[in-house]
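Undergrad: Knowing the structure of chain A, use the given hints to seat chain B on it.
Number of protein chains: 2
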Amino acid sequence: MIRQPAFAVEPWTVREATLDLDRIAQSESVFALSNGHIGLRGNLDEGEPFGLPGTYLNGYYEGRPLPYAEAGFGYPESGQSVVNATNGKLIRLLVEDEPFDVRYGELRHHERVLDLREGTLSREVEWVSPVGQAVKVRSVRLVSLAQRAIAAIQYEVEPIGGRARVVLQSELVANEPIPHSEGDPRATAALEAPLVSELAAARDLRSVLVHVTRRSGLRMAAGFEHLIEGPDDIATAVQAEEDLARLTLTTEIAPGQPLRLTKFIAYGWSSVRSTPAVRDQVSGALAEAKHTGWDSLRQLQKRFLDGFWKRADVEIEGDPELQQALRFGMFHVLQAGARVEGRAIPAKGLTGSGYDGHAFWDTETFVLPMLTYSLPEAARDALRWRHSTLDQARRRAAQLGLEGAAFPWRTIDGDECSGYWPAGTAAFHVTGDVADSCSRYLEATEDEDFARQCGTELLVETARLWRSLGHHDKAGRFRIDGVTGPDEYSAIADNNVYTNLIAQRNLRDAAAATESDPELAGGFGVDSEEAAGWRDAAEAMIVPYDEDLGVHAQSESYTEHAVWDFDATASDHHPLFLHYPYFDLYRKQVVKQADLVLALHLRGDAFTAEEKARDFAYYEALTVRDSSLSACTQAVIAAEVGQLDLAFAYMTEAALMDLDDLEQNSRDGVHMASLAGAWIAAVAGFGGMRDHGGHLTFTPRLPENLTRLRFRLAFRHRLIEVEVGASAATYTLLDGDPLEVAHHGESLTLKTDRATSKPIPHLDDPGPRPQQPPGRAPRITRGPG
Amino acid sequence: MIRQPAFAVEPWTVREATLDLDRIAQSESVFALSNGHIGLRGNLDEGEPFGLPGTYLNGYYEGRPLPYAEAGFGYPESGQSVVNATNGKLIRLLVEDEPFDVRYGELRHHERVLDLREGTLSREVEWVSPVGQAVKVRSVRLVSLAQRAIAAIQYEVEPIGGRARVVLQSELVANEPIPHSEGDPRATAALEAPLVSELAAARDLRSVLVHVTRRSGLRMAAGFEHLIEGPDDIATAVQAEEDLARLTLTTEIAPGQPLRLTKFIAYGWSSVRSTPAVRDQVSGALAEAKHTGWDSLRQLQKRFLDGFWKRADVEIEGDPELQQALRFGMFHVLQAGARVEGRAIPAKGLTGSGYDGHAFWDTETFVLPMLTYSLPEAARDALRWRHSTLDQARRRAAQLGLEGAAFPWRTIDGDECSGYWPAGTAAFHVTGDVADSCSRYLEATEDEDFARQCGTELLVETARLWRSLGHHDKAGRFRIDGVTGPDEYSAIADNNVYTNLIAQRNLRDAAAATESDPELAGGFGVDSEEAAGWRDAAEAMIVPYDEDLGVHAQSESYTEHAVWDFDATASDHHPLFLHYPYFDLYRKQVVKQADLVLALHLRGDAFTAEEKARDFAYYEALTVRDSSLSACTQAVIAAEVGQLDLAFAYMTEAALMDLDDLEQNSRDGVHMASLAGAWIAAVAGFGGMRDHGGHLTFTPRLPENLTRLRFRLAFRHRLIEVEVGASAATYTLLDGDPLEVAHHGESLTLKTDRATSKPIPHLDDPGPRPQQPPGRAPRITRGPG
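From first to last, the protein sequence lines stand for chains A and B. Per my numbering, the first sequence starts with residue 1, numbered consecutively. Per my numbering, the second sequence starts with residue 1001, numbered consecutively.
Bear in mind the hints are in silico, worked out from the structure with no lab data behind them. Since the model is a prediction, treat every value here as computed from it, not as a measurement. All C-beta atoms, glycine included, are put in the ideal place defined by N, C-alpha and C. Check the hints yourself; a few may be wrong.
Now the stretches of chain A that chain B is said to cover, found in silico as 3 or more residues with beta-carbon under 8 angstroms [claimed, not checked]:
hint, region
1, 58-68
2, 470-479
3, 552-562
With the rest of the complex left out, here is chain A:
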């Protein structure tokens, strides 16, 4: 596949040099800015043309009825959809009475740059109006990582060739019309103009609008404040009405005498606070931002990012495009998680309305590993959010007739929003994924406060779920029947290996956590009998294995099922679920996304090297990768079994998911898990990092296309750097007490006083490259860059 790059290849920036209206929606996602609380899609300053206008506040949603052709007990009645909140990034420009709109006149020059170290989106345009007046427009936009409630824009316009009259309209617009998606008309109706005005106030150069969502009753305030630089005679007018606040500047400017507007935008929302309270919260944030000032906001932004990259950067040599993509992905993951503080990290972050803005298991299984080792406080906050929904998860478990907590398949506020239970409620692994992520965080940080406040309770309540979900059969083996694993092309199966192994770890970790702090455990009603029950169930856990084939069965009887007829599947029939019925997908051997192979990674301690190689080869031939939650895991295991070129191809696919719009749906937002997965592919794949039981081990080995890989990990109050070359790896403890790790099975003690270099052992012939279904090999397979 030869692709036409949309963006220039540079190490620290993503640059768009032409404006392609067919790609505008993708660009809006790629150029989205966020701090985890506020998300602004990369819409043009003037609002139009757009692919999808988008301004999001984490957790701010509207409810809508979930309809069923045939209802059933326990089906969620109400769904949640992220709301396009009041748009504060709008700055409209009129030049000699003509609106600046790139669809008219002539666009002489266009450039946008997302700067991964500055944390800004900047733009430079030269435009000639239909009547021939040329102007230069420059803008820089940021969503502050330092001041959570604040976004800011500096906007500058300057005429070319002669004086020009200009008007700037800086706005807040609520209830923007958005393009209709297909689907249930009642859902669409619920999201049409979801915001009901409660307050509109304006004075001087500032304004605040307060709205409340019609059904969910969530109250939000948006406000702006401005600084103006330019000619002395600028006329200003400010107005505010229900769904609009507008500051209008009118003046005439000359070449070399730009008009510059600095716009501070603040957001806040609450499910409980009053209209005056949210108004004041936003006004206060604006006052603080103005006091901080534009230059300082930019400095703070850079400082935050410098700190992040210093701790977390992953450098690769040999493929500049992959280097760029890796950093781009890490930047988006950082943006999604940085200031999430008590809310979820949705599958698309705050970059688009895809998946209704819901959070899934993606967060715990793909996003949090990167954050745990790069920005642990963000991982902690995301887990705190899960903990804050424990009551909802307990109620859900009770409704389902289970003990403990059942976390939702998809949600914004913690309540289950899945309207299709075989791939929602039945996918209980999400609860194990939360526990797994919690254990990883605890092992990596030794965060005792979190353990006491959240971690142990999470482990206890999730273990209780498994204990009540499974049962011992006549032979005393522990079974978990009728569940759906990660592979969404199978459902309602018995003893899914991934689910059983993630449950096994959960049960063990809960037992260990309560054993280590009996007093805390007692507070949760855990006695030694209960903990023993968890350990017994874990020990007796069934892991289906097909003796004839010598591979693990993804779930019981799985390998008895017919293999999907890949040869008869047209190449344009992917993703399969849009072209074939679930009943047929479920009953055949065809894998949407890594399932058994994900177990080989996350529970690699439960498999031998030989099993991994055989299992990987077997499931490669069945995996169509109709999900973005797959390539990174396949990269990790391909690397582990020595299929390094294949691993490289998978990593590249994961990393380029959005820059190359590989699934043709980046318009709805970037694929946060795939972007985080590129980090996983680098660190756990070519770095060979594993963290089973909190013990860091490495089996680094580079593919031919890379000459060097360097990454850093935050681990137990330490900072570790690993540098991998073709023949040796070097481990450096940059900060903290000595730490024992392993390199290809050899134990090393890292100390800050010196780096440790170790040769990389010879790779035994890993055998032939595993084959994928026809046409489903990794989509990008290039030589060295």
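TA: Leaving out everything else, chain B in the frame of chain A:
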């Protein structure tokens, strides 16, 4: 459970002696009249009070969108709901200006009688109006079994104590308001006033209204014509407008001088014929009915029923109530199937709008066995309907990626209407049930015309489905994975025994049918290779068996699943699916309705007697009977394994389903399959009749509560009578050529010249009575009547 009988116990009538408004909806179903084409609920003549007004035309439906919270490929987009058609049974009465309404004034006497030999619903009322005028009202209603388009009412009013002014309004009313059911508001909206007027004409004493359904575009005509007897000075006026036609009679009558109105009502509908065409069709039918006259319509009705009862009656001694219930049930099954002619037999017949008026597998598996041996031409017509939907079933199979035909789980016109695929699309056994029913009909009738026109094609296309649905595993065994059997508390399982065995018979029968007529087979593209493929698959069919427990597993791994916690299930938590989520029901051992046990009946040739006894006992302990499609099958197998009292209890439950409103939902229509199931319980249970491979065998044995059972069977142009006493059974060939049957394994040749009596062998101790889950023993367990 002590029940308060709603109806007097009489051998040939169902009599209601008081009007209980709390039971009025149940009575409307019990007293519904139908000929399989027209259905009139037993609403009071004057229309109110009602439980649910109902006038149905078989196959006449309105479409409605099927909503999904999360859509999927192949989900039906449109549903179908039976429409409450133009109500022609309305005759309103005013007495001295006061409307006759039993909720006002005084109801001195009320009686309604459904006469199973006359085929009429008659009514006698004495009512005193609020101002004190007493009247006697008598009406007799029939839906003609002889003239398919016709219903008729004779209505008589007579004053008591003195002269009275009366007004009669005989009406046709379209778009009657009906009580709202809960559920999707869009579906409700689609069914509110579904009829759009196209024509309204009235002249003399007759009128015709033509309407078309808004979405489905089906055109119907309803008409009335009248005869009047009474005083000479009756003033009449007729009018017709969009949704109303009305004949008004005004007169004064005296005691002994009743006013009598005879109303002929005609219906017709078509998806293709024009407004004038359906108008004329109905006018013509009215002319014919008037020409036939009321008395002759009644005679024809009786003659039809005499013929039916002569061929089909089942007599029992020892329980008069059960005798009544049996005949009541057979009468409703007759009504549902008599003149169905190219349409489906819905689960509720035409007695209510339950299940949206859809037909399910109920028809083929429970209703058609009775009709096959009692009124074979009705069975043939029902199967012809299935055949007429073959193109739709072929399209559905193709959409699902399968060969042959996939019949819908629920439908009116042949298109799939199920909005929940795990219990719809996945329940492929419905297709095998069609084939099974077809084979039974062919074996029982030797109807060569049907075989050529429909039967062989049905067997071929259904066999093709199975061949493409299943596959051979590595060991060469034929598997059918990911399907749902009859038990709706399990779904998407591998190798469901019932499904596999019904498929096995289907494959064999198709092979045999095409082998016996290669030319016909060639017309369907069947060659000897294809037929051999069917036989091979049938031979290699997997039938899961649990060696440890010594019982068949309902499906693979079923017996490994946890047993439902019956002790923790509150008695008011039935049916379970209204109180527990599907995910939990599906993954545990709990059976909604006979599944494996149904295989023991319909594929009894595939099990040994010992296996049947063990399997029955095992599944009895798991079966909660939350479906009305269960008790009759449990009765049959209970009788076969010698548990005669248990069989009697199950038969009683099946028979009394609607007369006693056992499931508290007879208001929505009678349970046709349960009523037909009472016949099955009598004939296949205590008569021990089996028809495997077209060979009739009997193992008759009575329970203590019965002293005699006599039934007749139409079989291959013969009429056979079987009379069972406590110690002997007598077989009589009433008509036709000699026939070989078997009595308890002993072969007998029946001839018309003499009856054959045989002693009933001693019953070996069948062991302890199998136990049901707590509280789920058959609901009616009484001593001898």
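Undergrad: Each hint: holds or not?
TA: Each hint tested on the structure:
no. : hint    : verdict
1   : 58-68   : holds (count 3)
2   : 470-479 : holds (count 4)
3   : 552-562 : holds (count 5)
No hint from the list above goes unmet by this structure.
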